[in-house]
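Just need the whole structure built from these sequences, with the hints factored in.
Chains H and X, in that order, give the protein sequences.
Take any residue in the first sequence, count from 1 to its spot, add 167: that is its number in my numbering.
Take any residue in the second sequence, count from 1 to its spot, add 167: that is its number in my numbering.
Incorrect hints may appear among the rest.
Note that the list lumps identical chains together, so a pair holds whenever it fits in one copy or between two copies.
[As the list claims (entries may be wrong)] Straight-line distance between alpha carbons at most 25 angstroms, and here's what the computed DMTMM-like set of lysine to aspartate or glutamate pairs gives:
{"hint": "1", "residue 1": "Lys180", "residue 2": "Asp320"}
{"hint": "2", "residue 1": "Lys522", "residue 2": "Glu420"}
{"hint": "3", "residue 1": "Lys786", "residue 2": "Glu750"}
{"hint": "4", "residue 1": "Lys360", "residue 2": "Glu208"}
{"hint": "5", "residue 1": "Lys271", "residue 2": "Glu701"}
{"hint": "6", "residue 1": "Lys216", "residue 2": "Glu663"}
{"hint": "7", "residue 1": "Lys715", "residue 2": "Glu765"}
{"hint": "8", "residue 1": "Lys676", "residue 2": "Asp224"}
{"hint": "9", "residue 1": "Lys504", "residue 2": "Asp714"}
{"hint": "10", "residue 1": "Lys275", "residue 2": "Glu298"}
{"hint": "11", "residue 1": "Lys797", "residue 2": "Asp821"}
{"hint": "12", "residue 1": "Lys186", "residue 2": "Glu208"}
If you're looking for bench data, these hints aren't it; they were derived computationally from the structure.
As the structure is a computational prediction, the values presented were derived from the model and not from experiment.
Protein chains: 2
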Amino acid sequence: MNFSRTAVIFVIKKYLFGKPFYTEAVVKNIESASESLPYFETVHSTGLKFTIKIQKDDAVYGLGEAMRGINKKGYIYNSFCADDPNHTEATRSLYGAHNFIVVKTADKLFGAFFDTPAVVTFDVCYSKFDELIITSENENMTVYIIDGDTIYDIVKEFRSIIGRSYIPPMWAFGYTQSRWSYIDKDDVRRVAKGYRDFDIPLDAIYMDIDYMERYKDFTVNDKTFGKLPEFIEEMKEDGIRLVPIIDAGVKIEDGYDIYEEGVKNNYFCTDKDGKPFEACVWPGMTHFPDFLNPEVRTWFGSKYKILTDMGIEGFWNDMNEPAIFFSQNSVDATHEKIKRMASEKFTIDEFNELKYYIGSRQNCDEDYSAFYHNTPSGRFCHKDMHNLYGYNMTRSAGEALEAIVPDKRILLFSRASYIGMHRYGGIWTGDNHSWWSHILNEIKVLPSLNMCGFLYVGADIGGFGCDTTRDLLLRWLSLGIFTPLMRNHAAAGTREQECYLFERPEDFKNIIDLRYRLIPYIYSEYMKAAINNEMMFKPLAFEFPEDKVACCTEDQLLLGDELMIAPVYTQNALGRYVYLPEEMTAVRMRAGELFFTEMEKGHHFVEIAENEVVFFIRKGKAIPLCKRAKCVEELDLSTIELIGPGEEYLLYTDDGFSKDYENPANFRMLKK
Amino acid sequence: MNFSRTAVIFVIKKYLFGKPFYTEAVVKNIESASESLPYFETVHSTGLKFTIKIQKDDAVYGLGEAMRGINKKGYIYNSFCADDPNHTEATRSLYGAHNFIVVKTADKLFGAFFDTPAVVTFDVCYSKFDELIITSENENMTVYIIDGDTIYDIVKEFRSIIGRSYIPPMWAFGYTQSRWSYIDKDDVRRVAKGYRDFDIPLDAIYMDIDYMERYKDFTVNDKTFGKLPEFIEEMKEDGIRLVPIIDAGVKIEDGYDIYEEGVKNNYFCTDKDGKPFEACVWPGMTHFPDFLNPEVRTWFGSKYKILTDMGIEGFWNDMNEPAIFFSQNSVDATHEKIKRMASEKFTIDEFNELKYYIGSRQNCDEDYSAFYHNTPSGRFCHKDMHNLYGYNMTRSAGEALEAIVPDKRILLFSRASYIGMHRYGGIWTGDNHSWWSHILNEIKVLPSLNMCGFLYVGADIGGFGCDTTRDLLLRWLSLGIFTPLMRNHAAAGTREQECYLFERPEDFKNIIDLRYRLIPYIYSEYMKAAINNEMMFKPLAFEFPEDKVACCTEDQLLLGDELMIAPVYTQNALGRYVYLPEEMTAVRMRAGELFFTEMEKGHHFVEIAENEVVFFIRKGKAIPLCKRAKCVEELDLSTIELIGPGEEYLLYTDDGFSKDYENPANFRMLKK
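So, in structure tokens, the structure goes:
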């Protein structure tokens with residue numbers, strides 16, 4: 168018996184422009200087409216430009232991690248992995264570069280993947296209200312065109328050529344807590360105790376940059392996290408795993424083995440003269456490992472063993488766009504400026520010059536143009552390879568962990584990404600804020616990321632930057648209980664946002680308890696989506712393309728084949744409007760109890776108190792629900808019951824660790 | 168016959184803490200109460216703290232210009248006039264300080280005005296989920312408590328003690344266009360021609376800072392705007408007025424008469440040693456006129472005559488928080504730093520020190536603490552008087568213009584404000600962005616400002632910062648046609664957003680034409696609100712306090728007694744949900760034609776295309792509509808017809824210039 172679904176086969180065509188770098192995003196061998204690129208008007212000169220007419224009711228989907236709509240019409244996006252914490256409506260680049268789109272017009276439906284490590288701009292009816300204009304200054308690119316009868320078909324086919332999405336261990340579907348930073352073991356113990364005392368489930372606590380010795384990768388601060396293996400064990404006995412951060416930059420420090428090995432073996436990115444490029448990040452001046460070099464990936468990846476040997480089972484790769492606070496070049500140039508200015512009259516003009524110069528040093532173009540990679544295909548300026556950096560850092564970890572712990576899945580996710588990285592890890596959507604609009608943005612980004620292969624995803628619940636509020640956190644958790652990565656995380660200097668610190672912690676407990684009751688379902692749907700190259704989160708527009716209201720509903724999502732979610736994302740809300748494209752069963756969690764209501768197709772105003780969760784089971788469908796537990800490993804699947812109007816559900820189960828995903832024994836048809 | 172409504176009389180009580188500065192926000196003489204402050208628990212020691220319990224279904228309204236909800240529950244606000252263009256959900260201070268709130272609990276309903284020039288913090292169920300906590304570090308404050316049976320009563324009574332709101336000339340209800348900056352006369356002519364060529368109505372074009380000679384107040388750049396009186400006349404012949412900006416800071420420049428007069432007469436704010444304080448703004452180093460000194464107000468105000476003599480009939484006061492790019496003190500301190508750093512080793516630490524220091528100079532606390540005002544009650548540090556600065560700049564202009572052109576209303580609005588300034592001018596809501604969320608924020612801020620006396624208000628339509636889009640501008644205009652100040656404005660470096668530049672300018676024309684058809688109504692409702700101390704824009708919660716859905720509906724507003732508006736504020740929307748708390752008549756403008764639909768009380772999904780406008784006329788009400796014209800003065804009121812289910816409407820008309828507002832002849836009952 169094989170419950171995995173048959174792949175739909177459609178024609179995928181590949182078109183080469185210039186001499187494209189092989190990004191390894193696509194892993195399936197596809198012959199390049201001899202005819203010219205269909206659908207688009209193409210201009211290929213010093214750069215590339217593809218245009219296509221888009222009419223009023225047409226849509227452009229995709230682009231993964233991006234602001235604004237599920238339908239990308241109405242704005243302009245730059246694919247450029249950017250460490251920019253200001254995720255506003257004007258933000259054109261986030262941490263990922265995900266150049267896959269689906270274009271739907273009155274007479275055309277196709278997917279297109281613009282595969283290049285360089286910047287690509289997607290002007291989606293922004294400059295001209297009826298044109299999609301895709302441009303790249305770099306003239307080298309591979310374009311894949313995917314035809315299909317439905318958007319699902321196109322996505323599935325695209326996913327089949329980029330390879331199976333990363334699968335985390337089952338415990339990584341638990342609720343997890345983070346903060347920049349829990350400064351020592353007692354701080355971590357305090358958090359664990361806070362959750363356990365109020366009986367709020369918890370599966371992991373993250374260790375942000377301060378666990379390291381002066382921010383050096385693969386070191387542990389002995390004063391604050393000494394005897395880490397024992398501490399890891401102590402926490403694990405309580406059902407809590409520790410997940411450390413790994414940053415991209417390697418501190419320049421004599422005697423630090425990783426720095427010295429890197430220098431000795433030429434493992435770091437170099438400047439134009441071939442010397443290791445120096446840039447300041449958290450550790451101070453660092454070098455960047457040249458992850459585009461396979462030998463470097465193997466070397467850096469092997470270092471994760473230092474931590475897995477201590478008992479660590481999950482990692483989080485950060486600062487890998489790479490983020491640059493400023494380079495040594497900028498420091499030197501500033502020094503020259505101030506030497507001149509100190510000896511001259513220091514006026515408004517000099518002040519302004521200095522202010523502008525220093526203020527523009529972070530993640531600046533000059534720095535990204537000033538260092539180089541040694542790849543198997545030659546030496547390239549970073550600028551032209553930029554979008555592959557975070558991808559290959561996580562690939563380095565993913566491939567190494569495969570070798571280090573071949574029999575066990577390890578949690579791994581990254582900030583920067585490119586399509587291809589989805590095979591090695593998940594992503595979290597970076598440094599968001601404690602803003603209501605960022606709940607809505609998470610809703611919109613989930614299906615877009617799924618289209619591009621990223622399934623293990625989630626936002627920092629409660630918001631990373633700015634100060635959270637009790638109601639914001641409750642509402643965000645009510646979305647977060649449905650996302651594979653469910654992490655509460657906050658920046659240094661912001662209000663503490665561990666759930667047990669707020670009034671009425673039982674409100675938080677009830678919501679997070681529901682997550683644990685849903686894990687058999689969420690895990691099953693995740694595994695089916697990964698195994699079958701399908702989307703876990705789906706826009707209503709994809710499922711009900713003939714329903715014009717559904718096509719414009721971007722604040723609700725389908726989850727798997729059974730659920731629809733419609734989270735509240737506004738302050739002081741009595742509830743929200745929900746559109747039902749077909750009749751459904753509303754499930755309301757109130758004070759830990761579930762209540763069911765049959766609802767008709769159409770528009771509804773649904774009251775949802777901030778300590779309640781409401782979700783919808785689709786017509787004829789049922790989902791499994793088990794008893795809650797304090798952590799994933801304690802979930803008792805024998806307590807599963809099916810809820811909803813349907814009679815059966817295809818459950819996926821396994822031990823949560825091993826990699827025999829497609830074993831038919833993992834699939835079990837539950838019946839009422 | 169007197170159509171103005173009788174004022175409702177309720178008890179207002181005044182409570183003094185410490186030795187409060189008389190802000191002149193309240194103009195009615197009220198005896199101070201002998202008993203202690205009701206409703207709040209008060210702590211009066213080195214500062215002031217007032218607390219009151221707030222339960223789940225309670226509400227706190229008011230605070231004028233602020234982010235987030237109409238109901239302020241769920242966040243924390245600082246009353247501190249701030250030049251901060253990042254209007255995000257985390258923003259705690261905008262340009263105005265409007266310390267009036269209405270508290271509504273299960274058993275209490277009252278208004279409270281915390282009258283002090285110093286910073287006040289309103290923690291509205293943010294730190295504690297059931298407490299409103301109001302704090303000030305300054306121990307001097309006058310608190311007014313206003314009781315009433317309804318929120319409308321309380322607002323009306325409050326408005327009666329702060330004095331009648333500013334009334335602009337009628338032409339200022341026309342559509343107006345601005346940009347930072349139209350650089351010369353030909354640039355302005357091009358804009359005028361653009362609108363006239365497409366027959367899109369237009370009443371004014373704004374002159375941003377570049378019309379001045381090196382940004383010197385009350386000067387005109389002869390090269391770009393020479394022979395200004397003739398140009399003003401030329402534009403006026405086309406029905407277009409020019410509205411110049413006036414900034415707070417006076418350029419330090421030998422030979423510049425205003426600078427020299429100010430220095431000679433000690434009219435500028437001084438540093439601790441009594442020397443004029445120096446701060447850099449657009450003109451370079453400037454001094455700030457000491458607007459808290461009545462003699463300075465008279466002097467500075469008299470300068471507006473330079474421009475009214477040229478034919479100018481409207482002004483816009485800016486940068487009057489006051490905004491400070493950096494002070495001479497900061498320049499000097501930076502110079503000291505770089506002299507030291509140039510001679511030492513310049514490392515990461517020095518770079519960071521310099522980066523942080525220079526980056527923190529704009530509008531910094533040190534500068535606001537470093538200059539002083541000479542007021543009739545003595546010398547005060549600016550920090551403690553901060554919130555009165557913009558207010559008194561606009562008062563300076565308003566009082567002077569009253570003397571300069573006693574028989575004619577002059578357009579006047581300001582960026583910074585405090586309650587009291589509403590008597591002298593309007594406000595625009597500052598440097599917003601081309602964000603969809605800023606359309607919604609404008610909806611929420613309109614009634615909050617009305618509560619505080621600010622009636623002539625509006626946001627920069629299309630967004631000031633960032634790049635606008637065609638659909639955003641169309642949707643924003645569809646709200647803007649209902650706001651008294653209707654201005655399209657954009658920052659330097661952003662996409663041009665004059666309506667005629669986009670595809671299908673007829674879509675823009677149709678929406679702006681509707682504005683002109685509505686002007687008899689909007690002007691009447693404005694005048695009634697001003698004369699009767701009422702709100703022009705009202706939250707549904709105020710009108711339908713027993714309707715729990717209405718109480719939570721914050722994206723719709725009542726306009727006057729007849730209309731409800733429900734603008735679309737999301738991208739790619741098919742329409743939006745609208746809640747009707749009672750049956751209404753929907754009016755849809757499509758391609759210039761109006762279509763009417765009777766709608767039942769309840770929830771509706773209303774389709775609204777981006778080139779359509781839908782608004783709602785209330786049960787039994789009618790509104791006047793006239794024929795469109797290219798500018799306000801060409802409106803022909805003989806073309807007025809009444810639309811809607813009602814039979815009559817009380818129209819206010821006058822010549823649009825004179826000040827005989829309450830003349831009964833201005834009110835006319837129209838009947839079908």
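Tested hints:
1. Taking CA atoms no more than 25 angstroms apart as the test, Lys180 paired with Asp320 passes inside one copy only; the shortest distance there is 15 angstroms, against 70 angstroms between copies.
2. When the C-alpha separation of Lys522 and Glu420 is checked against a cutoff of 25 angstroms, the pair qualifies only between copies, where the shortest distance is 24 angstroms, while the shortest distance within a copy is 30 angstroms.
3. Taking the closest pair of Cα atoms, Lys786 and Glu750 come within 25 angstroms of each other only inside a single copy of the chain (6 angstroms); across copies the shortest separation is 34 angstroms, beyond that limit.
4. Taking CA atoms no more than 25 angstroms apart as the test, Lys360 paired with Glu208 passes in neither setting, with 61 angstroms inside one copy and 35 angstroms between copies.
5. Within a single copy, Lys271 and Glu701 get their C-alpha atoms as close as 19 angstroms, which meets the 25 angstroms cut-off; across copies the closest is 50 angstroms, which misses it.
6. When the C-alpha separation of Lys216 and Glu663 is checked against a cutoff of 25 angstroms, the pair qualifies only between copies, where the shortest distance is 24 angstroms, while the shortest distance within a copy is 48 angstroms.
7. Both within a single protomer and between protomers do Lys715 and Glu765 lie at most 25 angstroms apart by alpha-carbon distance, with minima of 23 angstroms and 24 angstroms respectively.
8. In this assembly of identical chains, Lys676 and Asp224 lie within 25 angstroms of each other by CA distance solely across copies; the values are 23 angstroms between and 43 angstroms within a copy.
9. Taking CA atoms no more than 25 angstroms apart as the test, Lys504 paired with Asp714 passes in neither setting, with 62 angstroms inside one copy and 65 angstroms between copies.
10. Proximity of Lys275 to Glu298 under the C-alpha cut-off of 25 angstroms is restricted to the intra-copy arrangement: shortest distance 14 angstroms within a copy versus 57 angstroms between copies.
11. Proximity of Lys797 and Asp821 under a CA criterion of 25 angstroms is satisfied intra-copy only: 19 angstroms inside one chain copy versus 72 angstroms between copies.
12. In this assembly of identical chains, Lys186 and Glu208 lie within 25 angstroms of each other by CA distance solely inside one copy; the values are 20 angstroms within and 74 angstroms between copies.
Of the numbered hints given earlier, the model fails hints 4 and 9; all others are met.
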